[in-house]
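All chains should be modelled from the sequences, with the hints used to inform the complete structure.
Residue numbers (the working numbering), protein chains in the order written: chain L, 1 to 197; chain D, 1 to 241.
A few of these clues could be false.
Heads up, incomplete: computed chain D residues facing chain L, CB under 10 Å, no partners named [said to hold, decoys possible]:
1) V23
2) D48
3) G77
4) E78
5) R185
6) V186
7) G187
8) V224
9) T235
10) R237
With a cut-off of at most 20 Å between alpha-carbon atoms, the simulated SDA-like pairs for lysine to any residue come out as follows [what the hints assert, rightly or not]:
11) L:K84 with D:P212
12) L:K84 with L:D16
13) D:K96 with L:W197
14) D:K96 with L:T192
15) L:K84 with L:D137
16) D:K96 with L:R81
17) L:K84 with L:P38
18) D:K96 with D:W31
19) D:K96 with D:I11
20) D:K96 with L:R39
21) L:K84 with L:G138
22) D:K234 with L:P21
23) D:K96 with L:M109
24) D:K96 with D:V23
25) D:K96 with L:V3
26) L:K84 with L:H145
27) L:K84 with D:T213
28) D:K234 with L:R39
29) D:K96 with D:G49
30) D:K234 with L:G22
31) D:K234 with D:V53
32) D:K234 with L:Q181
33) D:K234 with L:P30
34) D:K96 with L:P20
35) L:K129 with L:T73
36) D:K234 with L:P143
37) D:K96 with L:G22
38) D:K234 with L:L56
39) D:K96 with L:G115
40) L:K84 with D:V53
In short, the hints are calculated from the structure, not lab data. Predicted model only: the values in this text are computed from it and were never measured. Quick reminder that beta carbons are idealized off the backbone N, C-alpha and C, glycines included.
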Amino acid sequence: MAVFSRGFGARRRETDPQLPPGQYLTEDFPVLSAGPTPRIDTSDWSFAVRNENGDLVSWTWDEFMALPIDDVTTDIHCVTRWSKLGTSWRGVSLDTVFDHVATDASFAMAHSYGGYTTNVPLEDLLGGKAWVAFEFDGEPLDPEHGGPARLLVPHLYFWKSAKWVRGLTLMDDDEPGFWEQNGYHLHGDPWTEERYW
Amino acid sequence: MTVGGWRPARIAEVADATPSARVLRLTVPGWPGSDAGQHVDVRLTAEDGYQAVRSYSLGSYGAGESIELAVDEIPDGEVSPYLVRDVRPGDELEVKGPLGGYFVWRPGGAGPVQLIAGGSGIVPLMAIVRAATDASASASFRLLYSVRGPENAIYRDELARTVDPGGVAVTWAYTRSAPSGWTERVGRLDDDALRAAVWESDREPVVYVCGPTGFVEHVADALVRLGHAPGRIKTERFGGA
Numbered sequence: 001m002a003v004f005s006r007g008f009g010a011r012r013r014e015t016d017p018q019l020p021p022g023q024y025l026t027e028d029f030p031v032l033s034a035g036p037t038p039r040i041d042t043s044d045w046s047f048a049v050r051n052e053n054g055d056l057v058s059w060t061w062d063e064f065m066a067l068p069i070d071d072v073t074t075d076i077h078c079v080t081r082w083s084k085l086g087t088s089w090r091g092v093s094l095d096t097v098f099d100h101v102a103t104d105a106s107f108a109m110a111h112s113y114g115g116y117t118t119n120v121p122l123e124d125l126l127g128g129k130a131w132v133a134f135e136f137d138g139e140p141l142d143p144e145h146g147g148p149a150r151l152l153v154p155h156l157y158f159w160k161s162a163k164w165v166r167g168l169t170l171m172d173d174d175e176p177g178f179w180e181q182n183g184y185h186l187h188g189d190p191w192t193e194e195r196y197w
Numbered sequence: 001m002t003v004g005g006w007r008p009a010r011i012a013e014v015a016d017a018t019p020s021a022r023v024l025r026l027t028v029p030g031w032p033g034s035d036a037g038q039h040v041d042v043r044l045t046a047e048d049g050y051q052a053v054r055s056y057s058l059g060s061y062g063a064g065e066s067i068e069l070a071v072d073e074i075p076d077g078e079v080s081p082y083l084v085r086d087v088r089p090g091d092e093l094e095v096k097g098p099l100g101g102y103f104v105w106r107p108g109g110a111g112p113v114q115l116i117a118g119g120s121g122i123v124p125l126m127a128i129v130r131a132a133t134d135a136s137a138s139a140s141f142r143l144l145y146s147v148r149g150p151e152n153a154i155y156r157d158e159l160a161r162t163v164d165p166g167g168v169a170v171t172w173a174y175t176r177s178a179p180s181g182w183t184e185r186v187g188r189l190d191d192d193a194l195r196a197a198v199w200e201s202d203r204e205p206v207v208y209v210c211g212p213t214g215f216v217e218h219v220a221d222a223l224v225r226l227g228h229a230p231g232r233i234k235t236e237r238f239g240g241a
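Written as structure tokens, this is what we have:
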């Protein structure tokens with residue numbers, strides 16, 4: 001039986017075909033974090049990938065900045081229902097990162113300064129779909145938005161785009177990260193509303 | 001916890017809480033209950049089928065088919081003006097939940113608990129205050145509630161009653177205007193105010209901070225500066241539209 005809300009809809013917003021189901025447009029850049037914002041100096045920052053055999057590849061900030069850098073314009077979608085269209089970022093493609101990594105693993109756990117984790121299948125990280133981003137809208141990424149660097153996986157809900165990212169651990173089997181252990185979906189595709197368990 | 005689908009809900013009661021906020025009591029047949037601190041998605045459907053969904057924290061917790069939301073109006077918002085100005089008892093909407101497994105409190109923890117709310121950030125913390133009081137755990141709880149002025153405090157009357165024996169200790173902070181007779185500073189929470197109101201860091205409290213993004217960033221940074229371990233500070237931010 002359909003439920004209608006009497007008198008609702010007078011202030012409705014424009015719908016947009018770029019908006020996944022159940023999302024609304026925002027011009028702001030809201031913040032969603034589980035704890036205080038870590039403040040990481042780029043001189044202390046590193047990014048490391050550990051493969052399923054335990055082999056480690058890592059970059060300092062300067063080494064990472066020497067990798068090829070992409071300009072990315074993309075829509076982002078937060079599970080808390082806001083979407084922001086046409087955001088601009090700069091970062092290093094995960095394809096570039098994985099040029100330096102030998103692996104047959106199928107899944108990655110992203111780890112962040114501050115202890116946050118999130119799991120992402122490798123097929124969602126490779127093929128021009130994901131970056132380690134360090135600029136937003138032409139400026140260095142603010143700490144509250146994940147600076148100095150965050151994962152950017154814009155085709156999944158934005159909790160997968162781990163803020164303050166410091167590395168990936170590669171795994172043969174999928175495991176839940178932080179929000180995934182706290183009620184959110186293992187995968188997180190906004191177009192099929194993979195929001196919650 | 002499995003969330004399940006949309007559940008029809010009926011507005012049972014509305015009460016003005018502040019000039020811009022209302023407390024809504026909803027009846028949700030089959031509601032599975034919730035932990036203190038959780039939230040719900042609310043879906044509204046216009047008669048032509050147009051829908052909008054927003055998330056709201058629950059002021060209620062526990063079992064039963066009655067849940068409570070407190071909604072603060074965002075003037076240029078789409079959903080909150082409807083819920084604050086237009087909705088009346090008997091109206092219908094849908095809810096999904098309960099949602100969120102991290103910013104929650106469950107009875108059984110041993111150590112002290114500090115709650116810090118800014119504005120409408122009180123809502124999930126009110127659920128925790130009620131749960132702690134019902135669990136006879138309130139002696140280890142403190143609440144610091146920052147509002148623009150006394151008229152902006154959601155749950156003001158209920159919080160005034162919690163100072164009764166067995167209630168949670170409440171410290172008020174006013175950023176713009178204080179009630180008459182107020183002798184403390186008026187303004188944004190600073191390190192001194194936090195030091196005075198918050199459990200000492202060496203007692204290792206779990207701290208819940210909820211409010212607008214700027215408030216939560218400011219308070220969480222200050223708590224870390226005052227020696228609280230980041231891993232014991234749980235935050236929930238309201239932002240944007």
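Each hint, compared with the structure:
no.: 1; hint: V23; in the structure: 18 Å, violated
no.: 2; hint: D48; in the structure: 7 Å, holds
no.: 3; hint: G77; in the structure: 8 Å, holds
no.: 4; hint: E78; in the structure: 5 Å, holds
no.: 5; hint: R185; in the structure: 24 Å, violated
no.: 6; hint: V186; in the structure: 26 Å, violated
no.: 7; hint: G187; in the structure: 22 Å, violated
no.: 8; hint: V224; in the structure: 5 Å, holds
no.: 9; hint: T235; in the structure: 6 Å, holds
no.: 10; hint: R237; in the structure: 5 Å, holds
no.: 11; hint: L:K84 with D:P212; in the structure: 19 Å, holds
no.: 12; hint: L:K84 with L:D16; in the structure: 11 Å, holds
no.: 13; hint: D:K96 with L:W197; in the structure: 12 Å, holds
no.: 14; hint: D:K96 with L:T192; in the structure: 16 Å, holds
no.: 15; hint: L:K84 with L:D137; in the structure: 13 Å, holds
no.: 16; hint: D:K96 with L:R81; in the structure: 13 Å, holds
no.: 17; hint: L:K84 with L:P38; in the structure: 24 Å, violated
no.: 18; hint: D:K96 with D:W31; in the structure: 9 Å, holds
no.: 19; hint: D:K96 with D:I11; in the structure: 15 Å, holds
no.: 20; hint: D:K96 with L:R39; in the structure: 35 Å, violated
no.: 21; hint: L:K84 with L:G138; in the structure: 16 Å, holds
no.: 22; hint: D:K234 with L:P21; in the structure: 29 Å, violated
no.: 23; hint: D:K96 with L:M109; in the structure: 29 Å, violated
no.: 24; hint: D:K96 with D:V23; in the structure: 18 Å, holds
no.: 25; hint: D:K96 with L:V3; in the structure: 14 Å, holds
no.: 26; hint: L:K84 with L:H145; in the structure: 14 Å, holds
no.: 27; hint: L:K84 with D:T213; in the structure: 17 Å, holds
no.: 28; hint: D:K234 with L:R39; in the structure: 17 Å, holds
no.: 29; hint: D:K96 with D:G49; in the structure: 18 Å, holds
no.: 30; hint: D:K234 with L:G22; in the structure: 27 Å, violated
no.: 31; hint: D:K234 with D:V53; in the structure: 25 Å, violated
no.: 32; hint: D:K234 with L:Q181; in the structure: 16 Å, holds
no.: 33; hint: D:K234 with L:P30; in the structure: 17 Å, holds
no.: 34; hint: D:K96 with L:P20; in the structure: 18 Å, holds
no.: 35; hint: L:K129 with L:T73; in the structure: 12 Å, holds
no.: 36; hint: D:K234 with L:P143; in the structure: 17 Å, holds
no.: 37; hint: D:K96 with L:G22; in the structure: 12 Å, holds
no.: 38; hint: D:K234 with L:L56; in the structure: 32 Å, violated
no.: 39; hint: D:K96 with L:G115; in the structure: 29 Å, violated
no.: 40; hint: L:K84 with D:V53; in the structure: 16 Å, holds
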